[in-house]
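**Student:** Top to bottom, those sequences are chains A and B.
Heads up: the first sequence is residues -3 to 435, going by our numbering.
Heads up: the second sequence is residues 919 to 1230, going by our numbering.
Derived by calculation from the structure, the hints in this document are not laboratory data.
Incorrect hints may have been included.
[Said to hold, decoys possible] Which residues of chain A face chain B? A few of them, derived with a C-beta cut under 10 Å, are:
1) I69
2) T186
3) T260
4) A388
5) K391
6) Q398
7) S402
Keep in mind that this is a model prediction, so the values were computed, not measured.
Glycine is no exception: its CB is placed at the ideal position from the N, C-alpha and C atoms.
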Amino acid sequence: MYPLTRTMAAASLALGLGLGSAQAATEIELFFPVPVEGKLAKEMQSLIERFNASHPDIRAKAVYTGSYDETNIKTHAAIKAGRPPAAVIMSANFVLEYQIADEIQPLDPLIEADGKTADAFMGQFWPALHGNARFAGKVWAVPFHNSTPLLYYNTDHFKEAGLDPAKPPKTWADWSDAAKKLTKRNGDKTERWGLMLPSNYDYLGWTMTALDMSNGGQYYNSEYGGEVYYDQPSMRGALTFVDNLVHRDKVMPEGVTDGKAVSTAFFAGQTSMVVLSTGSLSFIRENMKSGYAVAFVPANLRNAVAIGGASLMMPKGLTPEQTKASWTLINWLTSPEISGGWSRFTGYFAPNKAAYDLPEMKAFLAENPDAKVAVDQLAYARSWFATYNTVAVRKALEDEVQAVLSGKKKPLEALKEAQAKAEEIMAPYIAATAMNLPK
Amino acid sequence: MTIVATMEDSIPETAAPPRPRRAVARHDRLALTLLAPSLVFLILFTYWPIAQVVLQSVTIETFGTKAVTHGAGNFVRLFEDASFAKAVGNNLIYAVGTLVPSIGLALFLAVGLQEATRLNAVLRTIVFFPVLIPLVAAAALFLFVFLPGIGLLDHYLGRLGFAQTNWLGDPDVALASLIGLTVWKNAAYYMLFFIAGLQAIPRDLYEAARLEGASAPQRFTRVTLPLLGPTLAFVAVIALVNVVTQVDHVVVLTKGGPSDATNLVLYYIYQQAHENYDAGKAAAATVVSLAALITLSVLSLRTLERAVHYEA
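Using the sequences provided together with the hints, build the complete structure.
**Tutor:** Put into structure tokens, the structure is as follows:
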């Protein structure tokens, strides 16, 4: 009601004076997805109301656009239709595609107009987040909320199996030992699994990135969107490790396990350890009946995981007023105070480092040590894979890993096929870039 | 409703009284005027998009250039794509797997519950319940029914001594799980048509059959089934259309996985359009599936209807 009355007031004022001098508020739209539970949508609406109240010259409208994938589809559609939103909260690894398609604007001119350097601007955010926001020599996105995969384990089960709940597994060797001790069998029936990893599409790509990076791998070429390293030793080791857990040690269920099934099994005590997003922290905190703790994803060669989450980006084709208003909104949404509040509400960590210096945040971390582990792991986090046609290239790997999980293929042949398929998908981009040679 | 339509269709052409030419023209104009509002929307939202899809399917775009050529390239790439072949194969299994049991079950339920007693009314309502739940909601529910170990299904099977099954995560089982969900969801809907069809069969035919000494199974195969022909044809077409157009459960439960084991053609089209940004291939697949659907509908309606009308 409030924005409507204000437009009417502005309109009547403009009419009454018969002049253009009464400046109407700049209208902008923000597309936002809700990746987890539904109450986030309401929280976003109230955030935008706060923004509008404190910025009378701007009238922002938050448009709920579904999941990350749906938001991606709707943003593409809006841009194609010539009515781009002023800002979008986009899955951080899809930003590259918009840059490749020349559909978003670099933020460097806006940063410079504020009297800052790109380095100083990006310096506000955790280093792990830079790769998905600043690439090809320019700043394309501003981190909004982020996550990493985390090891969650049932401390009651640990005690029962004679493991020390204060000493979570740090290496893959410890990890598989713990999983063996935690698995409970009754004849040929498994009553409790040692470990579960989410392996549905989307989640699986992220899970495999974490394992590949923990095994020294890169997963993809972070400098060039036409290259992935699916058939390299680091990935082969990671997939063989998973294959062994399922088929040799039988401490993990065979086939694909959906992320939702993983959290449900964890709540039900059907699995002792799981790898899930830090974005699930609040959800697990609210629903887990028995004791649990969180730890870094165990390492084989090094501690490393990929980030997840979303960034704010600005499509091309906005008026100068809209661009300015959108930039104001983006800076407001990523400021320490707002960023911190959103982080405490959702469980995602705040990209803005200064958010953690605020007293509310310090109190929150003291109260929730699990949230602190998530922040600490950031020191070892890396960029999220992003290529030409990210989803399809990711699926090329996921299909083959799922075949290994289901016992249909062995890691080596599966990864060769994944690599071939990925290259086939990226072929048009490769032909137009790395293989576009002087004639 | 269908029955009426088919009856009308079956009236011989010659039976129509000859009309003067001008009356026909006026009649047509009136019909056109009355149809105009819906025709406008039909053209805007059905025929125009179809034309666009056909155009898109022969338009070839290359990444990095603005140049556009026309040809059958999208179709060639489509038929070379193993994932498309897999999706078509899955769709065929899914079609047979859902059509046969759900129509069989629907017929069985309709015959069993056709008498309008109070108990039957209650039973019909209970059986009809799944139809009232939207497919998306049903799929979201079945996510928990299908959970390995703790889900409803495994919980009770476990008590009977069965081992745990990964209903949605095992590529050998996942499609069958989706088929089971679809049959559960649709059988009662088809039952409704059969009950209506059964009500239209004259009682005296059964009387006559009984007098001739026909047993219950004979009465079913000789009287009920042939006279239900038009309904059967209609239901078969509806079911076939559902097989191609309803993939909500795929989206909610498996996203076509594991390893494309539950990928159906419509979801494949979605993937091409929105994950691979391959509008040409998506359009080609749409044209192919539309053509298949139209052919199948025409064929099944014709053959089934012809099989019926051996009127005595």
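**Student:** Against this structure, judge whether each hint is valid.
**Tutor:** Results of checking the hints against the structure:
1. I69: Check passed: Cβ of A:I69 comes within 5 Å of chain B, closer than 10 Å.
2. T186: 7 Å, holds
3. T260: Holds, because the Cβ-Cβ distance from A:T260 to chain B comes to roughly 6 Å (cut-off 10 Å).
4. A388: 4 Å, holds
5. K391: 7 Å, holds
6. Q398: 4 Å, holds
7. S402: 5 Å, holds
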